[in-house]
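**Student:** Here is how the chains run, residue by residue.
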Amino acid sequence: MPDSTAVAEAPAVTRPGAAPAARRTRKPGHLPVHLILLIGALLMVLPFVWELVTSLKTYHEAISVPPTLWPHEFAWSNYSKVLGQIPFGSMFLNSVLLTLGRTAGQLVTCSLAGYVFARLRFPGRGILFAAYLSVLMIPGQLLLIPQYDIMQGLHWLNSIQAVVVPGMFSAFGTFLLRQFFLSMPDEIEEAARLDGAGPVRVFWNVMLPLARPGLVALGLITMLWSWNDLLWPLIVNTDTDKMPLSAGLATLQGQYSTDFGVLMAGALMASAPMIIAFVFLQRHFIKGIALSAGKG
Amino acid sequence: MVSQVRGMRKRRAGVRSAPAYRGDKRWAYLLLLPSFAGLVLFYLWPAVKTLYLSFTNVGPFGGSTWTGLSNYTALVHDDKFVRSMVNTVLYAGVVVVVGIPLAIAIAALLNTSGLRGKTFYRTLYFLPVVTMPAAVGMVWQWLYNGDYGLINYLLSVVGIGGPRWLTTAPLALFAIAVVGIWMGLGNNIIILLAGLQGIPKELYEAADVDGASRFTQFRKITVPMLSPSIFFVTVLSVINTLQVFDLLFLMMSKTNPALPETETIVYLFYERAFVDNQRGAAAAVSFVLFVLMLIITAVQFRLQRKWVHYA
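So the sequences go chain by chain: B and W. Read in order, the letters of the first sequence are residues 1 to 296 in UniProt numbering. Read in order, the letters of the second sequence are residues 1 to 311 in UniProt numbering.
Hints may contain errors.
[To be verified] With a straight-line cut-off of 30 Å between C-alpha atoms, the simulated DSS-like cross-links for lysine-lysine are:
| id | chain 1 | residue 1 | chain 2 | residue 2 |
| --- | --- | --- | --- | --- |
| 1 | W | K201 | B | K287 |
| 2 | W | K49 | W | K80 |
| 3 | B | K81 | W | K201 |
| 4 | B | K242 | W | K201 |
Derived by calculation from the structure, the hints in this document are not laboratory data.
Isolated chain W (complex conformation) (with noise of 0.2 Å):
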């Protein structure tokens, strides 16, 4: 996907002699305007507005006052915080760690040659991606329940007695992050499933020839060939992941009390700037995560030179 589009652009580079029409100028202007005004009015400003804010102490009226890096430093010695971001990176480590190598060991068996009901199994993984996560969060709420949930019933069939899944105070991120597992696979299946038909048969067929085994194969021809598909739906789940709140929202109540084990960044960001009104403090909370996100994301296309093979 990744080297599809790279490889679109330098086509183009080549071909970009697209002749100026006279007039265009004006239309171009007059046809960008809606989208750009939208994007300026819904997004940049904003953008730049929530920078502003976490600067400053937002009052209950909305007046705000410049404090300078004061938020940000009370971040430093909020615990809440600091817990916070230890969860969200845990979560989505736990996520990425799970879910991506599931997914490729899934879409390689469904991209088995011959494979019947090729479609059946796509339509079946790809269900949760289309169901509303608030759904979502009630049913698996539903099924970790510790008294009634069908998990702990199933356990106990074969002897185990079964945790308070959600209020035990680490596991409730685990059990949570199962279920964000549960929803993205789909999602990387397909992407990664696309990766793997653009795989040349002939290069398996060449390591049948000098007798190589299936796993072999596997390591030396699918992941490589697949690593630019990998790395692109890394990359994605990480930005994903570490925005999680749908999922918590339903799951953990505000009593639950294993909440501060399990509170992601967004989720305490809602917290302090829709329930709680402190608007300052959840801008530079917000922008915490933003500049975040960006540093893992750096840090990917930093070490893809490492272990990414682009055709």
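Just chain B, with the same shape it has in the complex (with noise of 0.2 Å):
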């Protein structure tokens, strides 16, 4: 990462006539390049700050021409009203097992069928293939309507199973893990062959811990598309119980279009999570986006 040399390249902040010539025409004027940067992360993060400020807002308080710029009492009694008005319990709970479902069930699939394309030799590998390649370029919603019926056919309209199983298959995990199964040396493989190891013993001792990388990006992706995804929970689940935060919001919305408090409280505690875990995964984000680079 060029972040850490960047780091200890730069030397401690300018005394003006006091640096080395060397070191001061190494960065001419980063000055111009700061405040630039600096004015673009500040409208990227001034809209949270505003949700955080409104969300602690009475309802009068939130409206009031000029705005209060910081509460004059926290109303905390929004995210109260949040937990009131939608049941934002079981709806968090929807919201985590759907994503710890997707993803756990992507993970196995993908990773087992990535194993196989990258590494074992079948007839029809190169059909099989080109299947998972034209699913690629599916987009998501001209499968709906035909998977919703699935889901009706199932009875499985307004259950954890209905948000959560359609997820744990992915073609373009496979590509992905594919990838990474395809980097990796034979020579690994051919010891471990001569030591007797099947398929599977190959798959799992030898290249599924050398693939922890891209098992880690697709983890994280899948999660942040998981935790974020609204269209399909909105069309399956339509009971408040049963559904996912991000249909939730939708709901709250329905029931409080002019609170504002309380919608930002809302969508605070939604987000919240995935936020969160940027937060303390942010090296492994990144690296998982710029490996795979998004399908919104």
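Two independent chains are provided; combine them into the complex using the hints.
**Tutor:** Following this line, the structure appears as structure tokens:
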């Protein structure tokens, strides 16, 4: 990572005349760069700050003109109103189960399939892989009507499995992990094979540990997309008790369309878990995105 | 990124001599089964089914009758649909044309050698990417609020009477596009930064020796060397923005007078399929979007020869 070197390179803050000339020529005027980046960063963060500030204002204070920059008295009740108005607890649990279920499912199915495509030879490999690639190009909404019909046929509407099961498979994840398994040196596999290991042992003992960065990347991206997914849960789980938080927010908005303090409290509570996860696992998140580069 | 993947493939192609071990075949099918079964059930079969449905009229209880191309011909005369196509392409256009140069500029600034606080900036720019789009929609709806919103308040401070952003017809689409740009910026920056870090420093050093200005260096070295990443980011952004739904759903209520001029294809699809229960017609809508995406992506791949340099 370039960051650590950047810190090492940059001399302690300028004392104009004192810095050695060589050092000074190295960073010719970073000030304008910082200025632009800071303005941009401010624009990125301001909506979050305003969300937080508003979430602590009473109804009347939130709509006072001119707006107060800081709440006069903290209206913590906005947060309890969210809890009271929508079944936040069960929605939160649904979001957690949805996210964990999809992530675990994809890690299993995609790593197996990725390994098979990268490392095993069998008749029909080319055609099967082409099928995966073609799925990569299909936009999600094209599949929604038949997927809904399947859920209805299984009597899964308004259930946790409806939001989990279809998300446990991914052509994208398979492709991503296949790239990882492909890049592993043949020698390691051959050594294990000579010791008499079969494909399953090779997968479990040799390949999977080596593919950890890929698994982490896929896991985090799947987590993020699952937690934030709106359209599919909105369609299959219409009972508020069975909704994840994303769909729950839409419900909250329907009920509290003008009480902005409550709405902001809800928005903050729903998005906080991923933001916190990001702050702690930042490096991994960013690596995951750089590796796979989104699909929103 | 794209070039990396290519390189990887090329390398493999040479070495692809991995011996076939006896008994692997059965294991291959067995290990592939869970993934493939899911893929067929939830992806391949539904895709075929949607194509079929788009040629039928689906009754209220699920029975469907073949109606040929009538769903598609109806779309041609369907003002709401045509409007949603225009809206979607306009939205995608604005987000890509404004968002990507912005991302390039910020990524290039972040790549300044010896710059302190890179991690700090990267974190802040990336924050919207990890935030739930539904929550983002709610927050920006509040910021855009005509009477009490922060944006109009700040405008009033400098003496400008702000408009009603989300309920005024042509404006609302652009207001939402701003949110789309804001949300996607971090993602694009990360991918472009990875590309920037792959550009050899010697090129800049040589240009320094030749006395090229920083702007010339940016134009003659950075942009061409970065073009594979720029291409990649553009293709992805177009695909993503053409499918925009979450933001709209949270920011534009059904009674919003500006909705017809803002409604995107996926929003229209959602309404027809799951609110109005016109499954066949909705299937046709989603298929048209798919074809539109394929065409735009194909055109981009064709045009890349003119401007993308693969080292």
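**Student:** Confirm or reject each hint.
**Tutor:** Evaluated hints:
1. The suggested pairing of K201(W) with K287(B) holds, with an alpha-carbon distance near 22 Å, which does not exceed 30 Å.
2. Taking the CA atoms of K49(W) and K80(W), the gap is near 25 Å; set against the 30 Å cutoff, the hint holds.
3. Proposed proximity of K81(B) and K201(W) is contradicted: the alpha carbons are some 56 Å apart, above 30 Å.
4. A distance of roughly 54 Å separates the Cα atoms of K242(B) and K201(W); the hinted pair therefore is violated under the 30 Å criterion.
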